[in-house]
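6 protein chains.
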Amino acid sequence: FDKDLYEGNEVAGVVTGLAWTQVGGDILFIEASLSPGKGKLSLTGNLGDVMKESAAIAMAYLKAHSRKFNIDNRLFDLWDVHVHVPAGATPKDGPSAGITMLTALTSAFTQRRVKTHLAMTGEITLRGKVLPVGGIKEKILAAKRANIKEIILSKSNRKDILEIKEDYIKDLVFHYVNEMKEVIDLALTNEKVKDPIDLTLMEKVTLP
Amino acid sequence: FDKDLYEGNEVAGVVTGLAWTQVGGDILFIEASLSPGKGKLSLTGNLGDVMKESAAIAMAYLKAHSRKFNIDNRLFDLWDVHVHVPAGATPKDGPSAGITMLTALTSAFTQRRVKTHLAMTGEITLRGKVLPVGGIKEKILAAKRANIKEIILSKSNRKDILEIKEDYIKDLVFHYVNEMKEVIDLALTNEKVKDPIDLTLMEKVTLP
Amino acid sequence: FDKDLYEGNEVAGVVTGLAWTQVGGDILFIEASLSPGKGKLSLTGNLGDVMKESAAIAMAYLKAHSRKFNIDNRLFDLWDVHVHVPAGATPKDGPSAGITMLTALTSAFTQRRVKTHLAMTGEITLRGKVLPVGGIKEKILAAKRANIKEIILSKSNRKDILEIKEDYIKDLVFHYVNEMKEVIDLALTNEKVKDPIDLTLMEKVTLP
Amino acid sequence: FDKDLYEGNEVAGVVTGLAWTQVGGDILFIEASLSPGKGKLSLTGNLGDVMKESAAIAMAYLKAHSRKFNIDNRLFDLWDVHVHVPAGATPKDGPSAGITMLTALTSAFTQRRVKTHLAMTGEITLRGKVLPVGGIKEKILAAKRANIKEIILSKSNRKDILEIKEDYIKDLVFHYVNEMKEVIDLALTNEKVKDPIDLTLMEKVTLP
Amino acid sequence: FDKDLYEGNEVAGVVTGLAWTQVGGDILFIEASLSPGKGKLSLTGNLGDVMKESAAIAMAYLKAHSRKFNIDNRLFDLWDVHVHVPAGATPKDGPSAGITMLTALTSAFTQRRVKTHLAMTGEITLRGKVLPVGGIKEKILAAKRANIKEIILSKSNRKDILEIKEDYIKDLVFHYVNEMKEVIDLALTNEKVKDPIDLTLMEKVTLP
Amino acid sequence: FDKDLYEGNEVAGVVTGLAWTQVGGDILFIEASLSPGKGKLSLTGNLGDVMKESAAIAMAYLKAHSRKFNIDNRLFDLWDVHVHVPAGATPKDGPSAGITMLTALTSAFTQRRVKTHLAMTGEITLRGKVLPVGGIKEKILAAKRANIKEIILSKSNRKDILEIKEDYIKDLVFHYVNEMKEVIDLALTNEKVKDPIDLTLMEKVTLP
Ligand SMILES: [Ca+2]
Ligand SMILES: [Ca+2]
Ligand SMILES: [Ca+2]
Ligand SMILES: [Ca+2]
Ligand SMILES: [Ca+2]
Ligand SMILES: [Ca+2]
Ligand SMILES: [Ca+2]
Ligand SMILES: [Ca+2]
Ligand SMILES: [Ca+2]
Ligand SMILES: [Ca+2]
Ligand SMILES: [Ca+2]
Ligand SMILES: [Ca+2]
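Residue numbers (our numbering), protein chains in the order written: chain A, 1 to 208; chain B, 1 to 208; chain C, 1 to 208; chain D, 1 to 208; chain E, 1 to 208; chain F, 1 to 208.
One thing to keep in mind: the hints can contain errors.
For chains that are exact copies, the list does not tell them apart, and a pair is met inside one copy or across any two.
Unchecked claim - Below, in silico cross-link-like pairs of lysine to aspartate or glutamate (EDC-like), each with a Cα-Cα straight-line distance of 16 Å or less: (1) LYS40 / ASP80; (2) LYS38 / ASP77; (3) LYS40 / ASP185; (4) LYS40 / ASP77; (5) LYS68 / ASP198; (6) LYS92 / ASP49.
Since the hints were derived computationally from the structure, they do not count as laboratory data.
Predicted model only: the values in this text are computed from it and were never measured.
Using the sequences and the hints given, assemble the complete structure.
Below, the structure is given as structure tokens:
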């Protein structure tokens, strides 16, 4: 039984989520990575259909609202995106990683640094609403164990937090949100990561 | 058991439908969103085959009758469409969201605002007829609970309304229709949404 | 248990067929619709594999014999075709809608009006033969109920008609055919539908 | 139980085969048809995987040996081929239609007329060998009933014919072959069909 | 129960393999054939996934080491390859046809004649190693019956030969190999087949 | 029961991994090979979904961090990559070959020689972390038997090594790593393999 720990924010596109498994809560990492390409989205990590759909919704939302996040829309056709969720042998499913996926994708396409010691859980909709998810108590305890300090949740999950004994959570800061814009504003700093990819638009290379 | 509420009409492409589930009626939201692309249609929300076919029929109908709704046909090749139905973990199926899907798509491709406090349920055919659907009584009660004021139905569903005790529905306005054109005329206002996407035809961007 | 009625011939591409179900005969509508595209064929209506193959055969036959029906072959590359069979929740299968599908496709690609109060049932082969199908008695009774006046059948189904009590069918006109050419000549008038699509060949639009 | 009869040779690409079913032998028709296209091969008729592979082998053999049959290889990129085997509701499988398929395809791509009252059964290999098949006795009786006069078989099936009582087959002519070239020489006349398709190479049409 | 016999080496791309079935050993033929195309690889013969992978490995090996076999790499983009293993009704699987497949492909792409009365069995790896396979005793007896004189095997299968009674195999010549290069050197003569395909690079035909 | 032995490092793209099977540990070979193409990735060797995902992650990581390994990114569009894991009949799955796959791909795209008598096991993540894997004890014993001298493992697997009796492993050198960069630095020498492929960028060949 392997409980993960928070691992820092040096790399663009890596965001900490919260998972609810048969053996309790755990944190998970959403890794989004770009490579020069044609806009293909690849998903790995033994993901179920609902979780794959979350990634598709997050990608569609980001494309439709790119200006809101200062992303040049043409970038989406010039880079391939890969989203992976370790560990590869563990099956994963459910919609609750939706906001984590969008945050990871936004960090990848802006190279903005993710806030430290932050985790999040919540379903995303195509118009950017943040829906509540289950397993909140177990997820919060796992976050504490993993050295998380701040957590982003749907406003509709506030009632689940109020049911947790205050002592357990007094060191945690909770952010309750309605919309994805709030998540991104909370989660991504205005600093770039170390060694950012140069996403300036460049001529598509054709060999001579 | 989570009953949804009507949520406003600020965003283009979001239309309220009525669903009939094992635990009674509920409202649902059809979210249609555009991003620059090549005309690809993507569907998410744990949809069954019949519901996916509804989206395909709606899209084909809209393309074949674009002039009727003042849509420049070339737009369909310049934008990708994503249709999502929250929540992602709930499996959904059946043809009764057909007219809601067409309305959402039409709003997305015209950026016209959807009438407030309106919901609808009905199957669409390829020639634009509106067919009756089941579960009317449960759907209507759910609509009332969710703060819906007006409902669009197939004329063939009028008999189902007449069987409902009048007291329950005296605050609701019913629109009975035969054709999709009537649905769109009832459901979409002539106002644009706030911050509409600019759908003016523009040169397809090729990087220098 | 929902028995359909004949619904008129205002729209191109809509042809009435006869179906044989576990609860007796019924009429069904084959809806074929064109939208500007690249020659893609889409099928909806909860169709089984055999019925999907019927549509593929009909399309291949029409392409191979387009001159016989005065269709410019280049049209097939400039329009997408969608074929739908309502209602979407009812699974349908079998080859007996083959001649109805070809008639609907031919009407769509010529915009010729379908004869009124006409229905048909029969399997199509790739060389245009019309093969007999089952359930004739139940289909004929359903046609009568639905206000059909004329019926097209394979010559090999004549024996099934002769077994029906004459009183039941004295108001119906039967056309027995061997070849698809006869079906089209009987079923499509030389009039165009109201508001026909303009199928004149036009330059494929490229945005400036 | 529906036994088919020989149906003439007016149309290019239609060749009579012999089938062996649970209820005895029968004849079947392989229908191959061309329409302007890009070289796509489509298969219908409720065919199993082995029978679909037969069509793929026949097509590959024809492409690799086109000069042997006076077919300009560029034709394969300019026409789509559809192969159908009626009736559509009956599942069919097995390799024994291989030589019938190649004969039908060759007739389609040359518009040569098929010899009258001829049927055939045999597996094809990629190098053009004709392999023996099963159910010979039942197939021969069915051929007789269907008014077939000549039959093409693999040389290795001669022993199966010798086991049939001579009285039953005295009116039939048998051709035993090793190679597909012999089949084509026996089966296709040097006459064109009535109203042949013009397969002269023409410029691929691009609209102005 | 149908035991095959050696069939000569007139045709390019046909190589004799050894198979091990539930009813004992048998020989099989790998048929590889080229037709003008774009580099597509098609496989038929009722092959299981492992056997299909063998063909993919053989093709990848040949492309990566084309110079070793004097094949102009551009040929792979100008021809389609079809690999068939008769008979079509018999399911086949396993990796032991790997070296036979590579030999057939090499013969097809060089039009070099295969040595007479030669058979082989062995798994291929991507770096060209020849791995041992099972069923050696049954395969060797089948080879003898089929009039095979020489057999190529992995060096690691030598121990299986030593266990066979010497009397049975005194007329057979065994070649034990480590690498695919040795197989090709042993199996392909420097003579071309009769009527070889002209694989000289020619301009890709575009119609005027 | 077939235990493999270390086989040298002459060929680019071949790296030794460690596997854990029902019958104990074993070594395995990851073979990566390039051929001129368009960037297609093919996988063979009877691999399960998790193992296929490992290859996809490794490829995405390599593309995203190509500069770190001195690989010109345009190479990825000019070569097809095939990854095979012998033997073909044995099903394989799990994430533990991840770092071996990345090492094989990096060797293939740089033609750098792999260090001799080296094996490795570990899961890769998209950001290049090396995660621990199971079956360490069995894998180490197999490595010893196979004549391996050095082993690369995740730092988190150090505890599994400490549990092995020291006598068994005194001849082995262990390298514990956190990041893929360390694996590549340890595993690939700065020497090229014998007869390296010329990966200099060349004009994509179009036939005259
Ligand atoms: Ca964990
Ligand atoms: Ca969840
Ligand atoms: Ca709800
Ligand atoms: Ca429904
Ligand atoms: Ca009905
Ligand atoms: Ca039927
Ligand atoms: Ca029959
Ligand atoms: Ca057969
Ligand atoms: Ca045999
Ligand atoms: Ca084998
Ligand atoms: Ca082994
Ligand atoms: Ca593993």
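Hint check results:
no. : hint           : in the structure
1   : LYS40 / ASP80  : both (5 Å within a copy, 14 Å between copies)
2   : LYS38 / ASP77  : both (5 Å within a copy, 11 Å between copies)
3   : LYS40 / ASP185 : neither (27 Å within a copy, 30 Å between copies)
4   : LYS40 / ASP77  : both (8 Å within a copy, 14 Å between copies)
5   : LYS68 / ASP198 : between (20 Å within a copy, 15 Å between copies)
6   : LYS92 / ASP49  : both (9 Å within a copy, 14 Å between copies)
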